[in-house]
Amino acid sequence: MNKVLIIDDEPGILTALKFALEDEFEVDITTNVHEGLEIIKNKNIDINSLKILMRKALDYRNLSEEVEDLKRNKSEEKFSMDEIVSTSKAMKNVFDVINRVKDLDINVLISGESGTGKELIAKAIHYTSKRNNKPLVNVNCAAIPYNLMESELFGYERGAFTGANQKMKGKFELANGGTLLLDEIGDMDIGMQAKILRVLEERMVVPLGSEVPIPLDIRFLAATNLDLEAEVEKGNFREDLLFRLKVITIEVPPLRERKEDIPILTQHFLNKYSKEFNKEIQGVLPSAADALESYDYPGNIRELKNIIQRAVALTNNEFIGVQDLPGELLYNLNLKEGRKDQIPIYIGETLENIERKVILETYDFFQKNKRRTARTLGISERSLYNKLNEYNMD
Numbered sequence: 001m002n003k004v005l006i007i008d009d010e011p012g013i014l015t016a017l018k019f020a021l022e023d024e025f026e027v028d029i030t031t032n033v034h035e036g037l038e039i040i041k042n043k044n045i046d047i048n049s050l051k052i053l054m055r056k057a058l059d060y061r062n063l064s065e066e067v068e069d070l071k072r073n074k075s076e077e078k079f080s081m082d083e084i085v086s087t088s089k090a091m092k093n094v095f096d097v098i099n100r101v102k103d104l105d106i107n108v109l110i111s112g113e114s115g116t117g118k119e120l121i122a123k124a125i126h127y128t129s130k131r132n133n134k135p136l137v138n139v140n141c142a143a144i145p146y147n148l149m150e151s152e153l154f155g156y157e158r159g160a161f162t163g164a165n166q167k168m169k170g171k172f173e174l175a176n177g178g179t180l181l182l183d184e185i186g187d188m189d190i191g192m193q194a195k196i197l198r199v200l201e202e203r204m205v206v207p208l209g210s211e212v213p214i215p216l217d218i219r220f221l222a223a224t225n226l227d228l229e230a231e232v233e234k235g236n237f238r239e240d241l242l243f244r245l246k247v248i249t250i251e252v253p254p255l256r257e258r259k260e261d262i263p264i265l266t267q268h269f270l271n272k273y274s275k276e277f278n279k280e281i282q283g284v285l286p287s288a289a290d291a292l293e294s295y296d297y298p299g300n301i302r303e304l305k306n307i308i309q310r311a312v313a314l315t316n317n318e319f320i321g322v323q324d325l326p327g328e329l330l331y332n333l334n335l336k337e338g339r340k341d342q343i344p345i346y347i348g349e350t351l352e353n354i355e356r357k358v359i360l361e362t363y364d365f366f367q368k369n370k371r372r373t374a375r376t377l378g379i380s381e382r383s384l385y386n387k388l389n390e391y392n393m394d
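Numbers 1 to 394, taken from this note's numbering, label the letters of the sequence shown in order.
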């Protein structure tokens with residue numbers, strides 16, 4: 001039976017994909033890249049064949065992305081700041097910086113937690129700038145394997161390496177005249193960082209297998225959810241590259257620091273998914289609104305979006321109620337409003353016993369739903385499973 005390995009940080013997506021594929025494939029799932037590598041090591045996999053498949057997949061994706069870029073550039077020419085839904089003071093400061101730098105050919109580093117909308121900020125900079133009729137090319141530095149990153153960015157000539165059956169433009173060349181977004185730049189291998197630095201300094205690129213440099217006229221944006229200065233201290237990120245990238249830094253605030261945006265974001269997603277699912281949802285009941293506004297959203301706007309999408313998809317009512325929301329929101333609201341009994345903790349009680357109480361009380365609250373329990377406690381499902389085994393509860 002053919003094997004499939006799925007790596008995603010959303011447990012719900014992993015479960016759904018495994019269910020959809022397990023009749024035809026042997027499916028392994030994990031939320032962690034390092035665990036994924038261990039799974040590959042323990043399987044009988046032909047690495048050379050895998051590399052060729054990856055190269056072909058990326059070639060196919062490149063062709064698809066060129067078409068999509070053309071479509072996107074056409075459809076997003078009318079992009080405006082109104083696309084970013086916010087009335088908060090924190091985001092007003094972000095808008096002010098965007099308006100001041102949009103037409104300046106200087107590098108911008110966009111920093112913020114996962115799910116805060118960094119890519120949307122990059123789009124706002126590009127599509128309100130003088131380069132708006134040129135391509136915006138997004139490179140996810142965390143998604144491309146190191147051994148393929150150079151050919152992805154620089155492109156290659158036919159015959160440059162085994163499997164290079166045709167010439168392929170790299171991301172730099174595709175973005176020429178427009179904007180290149182280096183997303184998740186903090187995850188880029190430090191060896192590749194040196195090559196990026198050289199491109200930033202020389203403003204030209206030489207495709208693999210070629211000796212002819214291609215001049216570049218590109219506005220560089222970079223985005224990260226990491227503290228790059230801390231990564232420099234650890235030796236994971238080049239200080240000279242950081243200085244090149246952060247001529248201007250835009251800090252995108254997490255949703256918990258702009259809670260006044262939750263009602264309008266909720267309504268925005270409600271309208272979007274009501275239309276998409278052909279439902280007539282009128283709004284959100286006050287109790288559900290309280291739960292939504294009291295939650296801290298570790299996944300930020302992306303998490304709120306997923307919550308509303310799920311609620312609209314599953315509800316049969318005209319208004320979203322608390323019964324349509326994930327359990328962790330209700331648990332959080334109960335704790336904040338004191339509607340849940342306190343867990344007794346005594347002076348001299350061992351940390352091991354306190355941990356056991358918290359895990360079992362939370363597990364009971366979520367009616368033995370491991371995914372919700374693990375997510376609320378901030379641990380992996382594997383760790384929860386091990387703890388429950390230890391307590392003879394599974």
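Heads up, some of the hints might be wrong.
Claimed, not checked - Here are the simulated DSS-like cross-link-like pairs (lysine-lysine), alpha carbons at most 25 Å apart as the crow flies: (1) 89 / 134; (2) 89 / 102; (3) 370 / 305; (4) 259 / 195; (5) 246 / 272; (6) 305 / 92; (7) 259 / 92; (8) 370 / 387; (9) 234 / 246; (10) 275 / 246; (11) 279 / 246; (12) 92 / 43; (13) 130 / 259; (14) 134 / 167; (15) 102 / 134; (16) 370 / 357.
To be verified - Quick list of the computed label-pair ranges, beta carbon to beta carbon: (17) 283 / 201: 26 to 34 Å; (18) 177 / 227: 29 to 37 Å; (19) 106 / 133: 55 to 63 Å; (20) 277 / 22: 24 to 32 Å; (21) 43 / 383: 33 to 41 Å.
FYI, nobody ran anything at the bench for these hints, they're computed from the structure. All C-beta atoms in this analysis are idealised placements derived from N, C-alpha and C, irrespective of residue type, glycine included.
So, going through the hints one by one against the coordinates:
1. 89 / 134: Measuring from Cα to Cα gives roughly 31 Å; hence the hint is violated.
2. 89 / 102: Holds, at about 20 Å.
3. 370 / 305: With a Cα-Cα distance of about 22 Å, the restraint between residue 370 and residue 305 holds, given a limit of 25 Å.
4. 259 / 195: Between residue 259 and residue 195 the Cα gap is close to 41 Å, so the pair fails against 25 Å, i.e. violated.
5. 246 / 272: violated (35 Å)
6. 305 / 92: Holds - the C-alpha atoms of residue 92 and residue 305 are around 21 Å apart, at most 25 Å.
7. 259 / 92: holds (14 Å)
8. 370 / 387: holds (11 Å)
9. 234 / 246: At roughly 19 Å apart (the allowed maximum being 25 Å), residue 246 and residue 234 satisfy the hint.
10. 275 / 246: violated (40 Å)
11. 279 / 246: Outside the cut-off at roughly 45 Å; violated.
12. 92 / 43: violated (51 Å)
13. 130 / 259: Violated, because 33 Å separates the two Cα atoms, which is more than 25 Å.
14. 134 / 167: Satisfied, since the Cα-Cα distance of roughly 22 Å is no more than 25 Å.
15. 102 / 134: The given pair, whose Cα atoms are some 14 Å apart, holds under the 25 Å limit.
16. 370 / 357: holds (16 Å)
17. 283 / 201: 26 to 34 Å: violated (54 Å)
18. 177 / 227: 29 to 37 Å: Distance hint for residue 177, residue 227 holds at roughly 33 Å.
19. 106 / 133: 55 to 63 Å: violated (20 Å)
20. 277 / 22: 24 to 32 Å: holds (27 Å)
21. 43 / 383: 33 to 41 Å: violated (23 Å)
In this structure, the earlier hints numbered 1, 4, 5, 10, 11, 12, 13, 17, 19 and 21 are contradicted, and the remaining ones agree with it.
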